[in-house]
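Since the structure of chain G is provided, determine the placement of chain C on it from the hints.
There are 2 protein chains.
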Amino acid sequence: MTISREIRLRAKPNGAPVPSDFELATVDVPPPGPGEVQVRNLWMSVDPWMLRALREAVGPEAPPQPSRFGSSVVGKAPHANAVGEVIASGDPQFTVGDLVLSLDGWREVFNTPAKDLERLTPGRLPPQAYLGVGGLTGLAAYAGVTRVLDVKAGETLLVTAAAGAVGSTACQIAKIRGATVIGSAGGPEKAAFLKEIGVDGVIDYKVEPDLDAALARVAPGGVDAVFENVGGRHLAAGLNAAKPFARVLLCGLMTGMAGGASEPVPANLMRVVRQRIRIEGFSAGDHFGEMPTLRALLADWLETGQLQLRDTVAEGIEAAPGALLGLATGANVGKMLVKLC
Amino acid sequence: MTISREIRLRAKPNGAPVPSDFELATVDVPPPGPGEVQVRNLWMSVDPWMLRALREAVGPEAPPQPSRFGSSVVGKAPHANAVGEVIASGDPQFTVGDLVLSLDGWREVFNTPAKDLERLTPGRLPPQAYLGVGGLTGLAAYAGVTRVLDVKAGETLLVTAAAGAVGSTACQIAKIRGATVIGSAGGPEKAAFLKEIGVDGVIDYKVEPDLDAALARVAPGGVDAVFENVGGRHLAAGLNAAKPFARVLLCGLMTGMAGGASEPVPANLMRVVRQRIRIEGFSAGDHFGEMPTLRALLADWLETGQLQLRDTVAEGIEAAPGALLGLATGANVGKMLVKLC
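As given, the protein sequences belong to chains G and C, one line each in that order.
Those letters in the first sequence? Residues 8 to 348, by the numbering used here.
Those letters in the second sequence? Residues 8 to 348, by the numbering used here.
Quick caveat, the hints were computed from the structure, so don't treat them as lab data.
Check each hint, because a few of them may be wrong.
[What the hints assert, rightly or not] A few chain G residues that don't get close to chain C, going by computed Cβ distances all over 10 angstroms:
id : residue
1  : Ser27
2  : Pro133
3  : Gly259
4  : Glu287
5  : Gly288
[As the list claims (entries may be wrong)] Distance ranges between label pairs, derived from CB positions:
id : chain 1 : residue 1 : chain 2 : residue 2 : range
6  : G       : Lys83     : C       : Asp217    : 34 to 44 angstroms
7  : C       : Val214    : G       : Glu203    : 52 to 62 angstroms
8  : G       : Lys83     : C       : Gln315    : 40 to 50 angstroms
9  : G       : Val214    : C       : Lys346    : 37 to 47 angstroms
10 : C       : Val214    : G       : Val65     : 47 to 57 angstroms
11 : C       : Glu68     : G       : Val214    : 37 to 47 angstroms
12 : C       : Ile183    : G       : Phe252    : 27 to 37 angstroms
13 : G       : Gly130    : C       : Ala220    : 50 to 60 angstroms
14 : G       : Ser27     : C       : Ala220    : 47 to 57 angstroms
15 : G       : Phe252    : C       : Pro299    : 22 to 32 angstroms
[What the hints assert, rightly or not] Sample of chain C residues with no beta-carbon within 12 angstroms of chain G, all distances over it, derived:
id : residue
16 : Glu30
17 : Val34
18 : Gly228
19 : Gln282
20 : Gly288
21 : Leu309
22 : Asp318
23 : Glu322
24 : Ala326
All C-beta atoms in this analysis are idealised placements derived from N, C-alpha and C, irrespective of residue type, glycine included.
Excised from the complex, chain G in its bound form (with noise of 0.2 angstroms):
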């Protein structure tokens, strides 16, 4: 019998979460049965996806979801990706120390059926990174910059959020393309992290009462695409500076997960219609067969020192719910991570 603790859903959140929505609890792990498999967490990734499913938690007396991505369950972990070592199997597909990702995050040690695992092949990416750039963040800014929004040398890049784990490598892709990136984020340690990274035009919306102004003074010339990851003003601006023909694409729209109603779009969209402008809704998870495409270059651009990583780490399960609380206000710079052992 194996010791773990996990995170629990006690309420379900009533717009952003709190800190009591959560509790902490210790179970006792079973070794695993035949075709289970029993890892233990070595990272859970925090991604604005889980507010959005906490929010719509159902009771413990709903019927069964009909898939393990369904809604998260009061009174149960709920979901999270993370990477975890197999350190017992009763499956022949897995044996102890492989690498697997999983939808377990919240947990430090768990059984599930092998079918819910994926193998990581070990590779030239650290471990944490298959939850972040070699995963569905990273492959979101992949597809978006590279496949949807077909960004080209030359074309000036709007990225929102852009200090965030999505919006620093669409910016970084985005500059690997030869694009001029204009990036927005609040506060100073975001603005110098997108300085770093190579962000052309660095704007703190904190300190910047007028978005439209802040754009005009750093893309002039208006801006041929926009990675947008925020909503509300943000996506107001970024229309009232887009070019004729520019393509928006609506990655995660922050204002409407953090709780609540998304704040709506003001009234621009006769300039959507006049800029002949097209927006775009986006899901990074209609692009997985990009992502063996996407691991390789991945490597090649971390070595070449053309990609930087940047995460923001709580240690230790109990961390976690502050984790999720601080992506949903902004707090993290990169990719936010709880470091489980």
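This is chain C only, laid out in the frame that chain G set:
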């Protein structure tokens, strides 16, 4: 010397225009000078863009506009597309009797440089059709349905302001392509017209308190594409009914044209992300190259009865301001025209 009457803009409209913003004037038109052509207008087009142009009118002291397509000027007759007949010519390119298209609506007879006229080839379309289905109106519908939305057989298309000039043409072209068409419009006369032209699911939004529920009833499987002419709650309902990867064309947004701010889009942009919806601003003017193809197709469709035209006609130059005011409040079924001769 020829006597003509024209409508002048007396005051810049404050929001939607009112009758006192216009005045009728009588002018003497001298014989055309060298390089000039004298035209008697037959038909004047009444289009949504004219509302915006009047709202953005400049005073007579403003510097001359670089283009004839510039803003309206207070104290002068504004722009409107018009079809007329050459009645005197000082230019060898035009002879008496030629049918010509100009931007010089709002007047009965006028002189203009020959370069500002487009000669229309007498063909299988009636003269006023060049202001509607054979002009920018039809081009918006044709290019929107076939080039941007690329509506396919078996798909479901939602058209808002479906009984208007662009909307009713879009509905019929989508039907010709084999799509299921849902059309929304306000009032029983428009709803009946939509049924006449073969629209599969008709929504009279004036009697539907809940557009989401109405759409769920007539298009229970959702919509693949939206031809959006209105904005506001209509756009919101279209987004709520959109299937994954749905395409939304923003052609014009009547909620913003009629004056004042356009209705903000309710906070369902997260749906754009989740459903990976593509929203695209659109201007028919980008598709002028399709005009010859369109006019040939139109003549065929009219002859076979696959396309039916409906115009709302005001009689005489003095009726032109009322026609524009009527357009702003949705008084027209099909194309709004003023018959001038």
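Verification of the supplied hints:
no.: 1; hint: Ser27; in the structure: holds (26 angstroms)
no.: 2; hint: Pro133; in the structure: holds (30 angstroms)
no.: 3; hint: Gly259; in the structure: violated (6 angstroms)
no.: 4; hint: Glu287; in the structure: violated (5 angstroms)
no.: 5; hint: Gly288; in the structure: violated (4 angstroms)
no.: 6; hint: Lys83(G) to Asp217(C): 34 to 44 angstroms; in the structure: holds (36 angstroms)
no.: 7; hint: Val214(C) to Glu203(G): 52 to 62 angstroms; in the structure: holds (60 angstroms)
no.: 8; hint: Lys83(G) to Gln315(C): 40 to 50 angstroms; in the structure: violated (60 angstroms)
no.: 9; hint: Val214(G) to Lys346(C): 37 to 47 angstroms; in the structure: violated (60 angstroms)
no.: 10; hint: Val214(C) to Val65(G): 47 to 57 angstroms; in the structure: violated (36 angstroms)
no.: 11; hint: Glu68(C) to Val214(G): 37 to 47 angstroms; in the structure: holds (40 angstroms)
no.: 12; hint: Ile183(C) to Phe252(G): 27 to 37 angstroms; in the structure: holds (28 angstroms)
no.: 13; hint: Gly130(G) to Ala220(C): 50 to 60 angstroms; in the structure: holds (52 angstroms)
no.: 14; hint: Ser27(G) to Ala220(C): 47 to 57 angstroms; in the structure: violated (38 angstroms)
no.: 15; hint: Phe252(G) to Pro299(C): 22 to 32 angstroms; in the structure: holds (24 angstroms)
no.: 16; hint: Glu30; in the structure: holds (29 angstroms)
no.: 17; hint: Val34; in the structure: holds (33 angstroms)
no.: 18; hint: Gly228; in the structure: holds (19 angstroms)
no.: 19; hint: Gln282; in the structure: violated (6 angstroms)
no.: 20; hint: Gly288; in the structure: violated (4 angstroms)
no.: 21; hint: Leu309; in the structure: holds (29 angstroms)
no.: 22; hint: Asp318; in the structure: holds (25 angstroms)
no.: 23; hint: Glu322; in the structure: holds (32 angstroms)
no.: 24; hint: Ala326; in the structure: holds (28 angstroms)
Against the hints set out earlier in the document, violations occur for numbers 3, 4, 5, 8, 9, 10, 14, 19, 20.
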